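Same order as they appear, the protein sequences are chains A and B.
The opening position of the first sequence corresponds to residue 2 in my numbering, with each subsequent residue numbered one higher.
The opening position of the second sequence corresponds to residue 172 in my numbering, with each subsequent residue numbered one higher.
A few of these clues could be false.
[As the list claims (entries may be wrong)] If you anchor each label on the Cβ, the simulated ranges turn out as follows:
1) Phe190/B <-> Pro394/A: 14 to 24 angstroms
2) Val273/A <-> Leu310/B: 55 to 65 angstroms
3) Ile316/A <-> Arg235/B: 45 to 55 angstroms
4) Ala281/A <-> Gly187/B: 15 to 25 angstroms
5) Glu201/B <-> Ile9/A: 46 to 56 angstroms
6) Val273/A <-> Ala251/B: 47 to 57 angstroms
7) Ile9/A <-> Leu310/B: 40 to 50 angstroms
The hints are simulated quantities; they were obtained by calculation from the structure and are not laboratory data.
Remember, predicted model here, so these are calculated numbers, not experimental data.
We put the beta carbon where it would ideally sit given N, CA and C, even for glycine.
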Amino acid sequence: MNPLPLVIALARRHAVVCTAFVVLIALTIGIGAAITAQERALRSGSARASDRFDLIVAAPGSQTDMLLRVVFLQPGSVELLAGEPLQRAMAEQRAAFVAPIGFGDSYRGDPVVGTIAALVEHLSGGALAEGRMFSALTEVVVGARSPLAIGDTFQATHGLPNELAETEHAQELVVVGRMTETGTPWDRAVLTPIELTWEVHGLGSGHGEGAYAIGPPFDLATMPGVPALVMKPESLAAAYGLRSQYRTTETMAFFPAEVLVQLYALLGDARVVMSALAIATAVLLVAAILAGILILMRLYRQRFAVLRALGAPRIYVFAVAWTFSFGLIGLGSLLGLGAAAALSGTVSAILSNASGIALSARLGGTEILLALALAAIGAVLALIPAALLYRRPVVEALRGT
Amino acid sequence: MLVAEDIALAFADAGGGSFTALDVARFAPEPGRITAISGPSGSGKSTLLYVLAGLLPPQRGTVRDDAVSIYQLREGRRDAWRRRRIGFIFQDFHLVPELSPLANASLPATFARAGGARQRAAALLGELGVPTARRSIELLSRGERQRVAIARALLFDPPVILADEPSASLDRAAATELTAVLRRLAKDGRTVVLASHDDTLLAAADRHWRLDHGKLRTAA
Ligand SMILES: Nc1ncnc2c1ncn2[C@@H]1O[C@H](COP(=O)(O)OP(=O)(O)O)[C@@H](O)[C@H]1O
Ligand SMILES: [Mg+2]
């Protein structure tokens, strides 16, 4: 038994309608799958982005806000960590380094961040991609995707991107190095010695009256306050120890990953709803398309009756109708995965550009499951037109009534 | 041999009652002969052919093919029986317009196991003088289309041919050719049953019955 010749004949007869059906299903699956894949990519991308910011210590406040400031370099105001708590943290012995972070300036919309060489090296995976580390106040290292090249000179602007009152600073800065890709907004940033941040804002040198140097040790007694510190604990045990040690009334300390996990948990329900909606939309579409198929099948009642008069068994008519319906749905689902793959790449690229977080959405089990679920539902729903034809009395259809 | 005996079949009418569409004591078309049934429209010709083809169980009576009482077969068996024993030809051909003449003629092979069906279909089309080179049946004349339908009916070499007004949508010349084809089929030993009111066809029949309100009479 081979229903294909007739199925193909039917599809050719209604090539436009059938193509429209397949495209609609493919797009529905494609968009649904692309969205779920994107959501997953966003989670893994943001988790990867926060990986190298081992422990963040700051003045008490919102951990989420602080995470957005430090890891994702989002603008906003934060309390400064200053005075005795800052001195204590800066002197921490169980950390490989304690890096102060300073914000406030920008260059052509990209953030200028003040910090120390150890953090820049650490974020860059141990070594720079090009050039060398900054070693003077006006030397900077740029992120992997910064438009600046080694040797370029420029002036930073006071004020973060999007802030209104921007004024240029007088210092001319020169690019001496470029980091490797981190997959974070730091890839677009300009990294300067923290001393420059303090200097241009008139906060002192950080190394005592009249003393100039780049990087630690700082003069803790006169060191200005900073929005946050990134600590690299010496061991896993030290990490947990430090976290609890700096969870006091004067400081907060957290692992970026734990904050992200909380955020994901919040989004968890939304994710389930999203997948459910994607399936529901697809099923509704398939139901609508089956209604169309039912109408087509009514047109062909007589054709099918003729087959019976030629000796075709009922099951053959059933098989033709089912294969036709399921063929459209199955083909649509399959092409939908292809559409999803294409869409994911494009959407990822757009989102990566907008957020600075490296995203690579890949189709995974969820998306394949979505397509399979729809195909399975389609296989069941396709039984309806098939069963209706199966039950039709032959002679009446043969007479064309 | 196909024999219908003591057949009664009534349909419900619009008024909620029923009317007798068929009341036939015995109908036994002979192999090697053309048996024609004429009668006005609505007299029951198609209904009789459907009953003979095992498509429409009568309310009373039996249809026997040799020893087999066909309405006693389960449906699937009856489908298989029809496939092997009956070739059905329609007034409007009922071909699949999207398929080539050859694909149309070999269509029954898509629902029954049949080796060499394509070659046989090609040979039949050749014998019937249908140009198989044409890709679409829409490029064939009406007479040629009917011959494609005949080739399709003959694919499994059935001993019985049932033709329901096969010349009604053909012109004179094509009807004459069709008559010759039917004659040839009868000469090969097939039982040919013909429902028609076309004089060209009726003139070629060996036996001629008239149906009137479901009752069979010998024609003058
Ligand atoms: N399913 C049905 N229900 C009621 N009446 C029917 C049905 N099928 C056929 N008839 C009636 O049975 C009679 C015989 O029909 P038919 O065999 O098609 O006649 P013919 O082929 O001689 O023109 C007609 O009056 C037709 O209207
Ligand atoms: Mg009729």
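Comparing the hints with the structure gives:
The supplied range of 14 to 24 angstroms is met by Phe190/B and Pro394/A, whose beta-carbon atoms lie about 19 angstroms from each other. The beta-carbon spacing between Val273/A and Leu310/B, approximately 57 angstroms, falls within the hinted interval of 55 to 65 angstroms. Checked against the hint of 45 to 55 angstroms, the pair Ile316/A and Arg235/B fails, with Cβ atoms roughly 26 angstroms apart. A hinted range of 15 to 25 angstroms is violated for the C-beta pair Ala281/A and Gly187/B, which are about 47 angstroms apart.
For the pair Glu201/B and Ile9/A, the beta carbons lie near 42 angstroms from each other, so the given range of 46 to 56 angstroms is not met. Between Val273/A and Ala251/B the C-beta distance comes to about 52 angstroms, which sits within the given range of 47 to 57 angstroms. With their beta carbons about 19 angstroms apart, Ile9/A and Leu310/B fall outside the hinted range of 40 to 50 angstroms.
Hint violations for this structure: numbers 3, 4, 5, 7, all remaining hints satisfied.
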